[in-house]
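Asker: Sequence:
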Amino acid sequence: MRDKRSTDWFWLENEIVDRIDLEPMERLLYVVLARHANNHTSESFPSEETLCLKTGVKDKRTIRKYINSLELKNMIEVKREQGKSNRYFLKNIKVVSKNETTKNDTTDKNCNKAVTFDAQTSNIECDTNKTITRLNNNIMIHEHDFFENLFKELNINFTLTNQKSVSKLLKTLSKEQVNDYLIETYDNLKVNPDIKNLSGAFSKKIMNGDRQSKYKVKTFKEQKEIKAVETITKEKPVTTNTIVEDTKQHQVEEREILDIIFSKLSQDEQNLIKAKALAIARIHNSFEPFALLLADNKIKYDLIKELNSGRI
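All you need for our numbering is the position in the sequence shown, starting with 1, plus 9.
If you're looking for bench data, these hints aren't it; they were derived computationally from the structure.
Just so you know, these numbers come straight off a predicted model, no measurement behind them.
Just to be clear, a hint being listed does not mean it is correct.
Claimed, not checked - List time: in silico DSSO-like cross-link candidates among lysine-lysine, alpha-carbon distance up to 27 Å:
hint: 1; residue 1: Lys161; residue 2: Lys213
hint: 2; residue 1: Lys283; residue 2: Lys307
hint: 3; residue 1: Lys205; residue 2: Lys74
hint: 4; residue 1: Lys214; residue 2: Lys69
hint: 5; residue 1: Lys177; residue 2: Lys74
hint: 6; residue 1: Lys180; residue 2: Lys93
Could you put the whole structure together from the sequences, leaning on the hints where they help?
Answerer: Here it is, written out as structure tokens:
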């Protein structure tokens, strides 16, 4: 697609619709870039704020993710400049068939595969070992430059250790999958207040290929639960009175925690625990009022503890 505006419109090539490997946001972002592109040079340099505004995306990180994806799919070239808006150069789009979207194509067993990248095409061809080595080296350089720029955007040094981690990931994942994994891991680590050394934690995660789960902000009840546990573990002078007091306090605080856990269960789970507690209580005491008290004040909490520990 190229911007062919004579007044206030531009052409949209069929390929932007026909590409089966594009996500909706990738199409939209490419259209916005084309809207701002120079007619002769195909250069576009809207700010990230403009791209967010035009696409309806609130987070700049989402824009960066899809910019990287378009770059991986050889649809744009990005010139990143410190302190300025990036410069985007639109490339001609090639329709990708279903066979070309797979990572490994089937070829003759006696034929060596070498992948060559060009702005216009992406072909698989057989050639001599010398040519294959040269082409593979060019691909490695391209990948290195791409991930070096990505690490620069994340404000993390592309150290030798990180380079080895990326190379290891590329052995089992596509470049696009590695890109998404790195951004997802960085974003999930960044919002976690428990992470004091973001760069170190990030490097360790990608070295092992581990995924970082999303940080969940603790609710008021969960904070109260943590505070209760911390109170229980505080050291006090050991005397007969303090042991009795601590035991009572522990029981009260423990029940508060168990009540919190119970309140988070579904209504069906709560009813199941109550029914089971009453059934057990009736075995110990056939007098119904006593059985109800025993079920509600003791056995119910025992069952909640068993549930929380995974024994139910």
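Asker: Against the earlier hints, flag every one the structure doesn't satisfy and list their numbers going up.
Answerer: Hint 6 alone not satisfied by this model.
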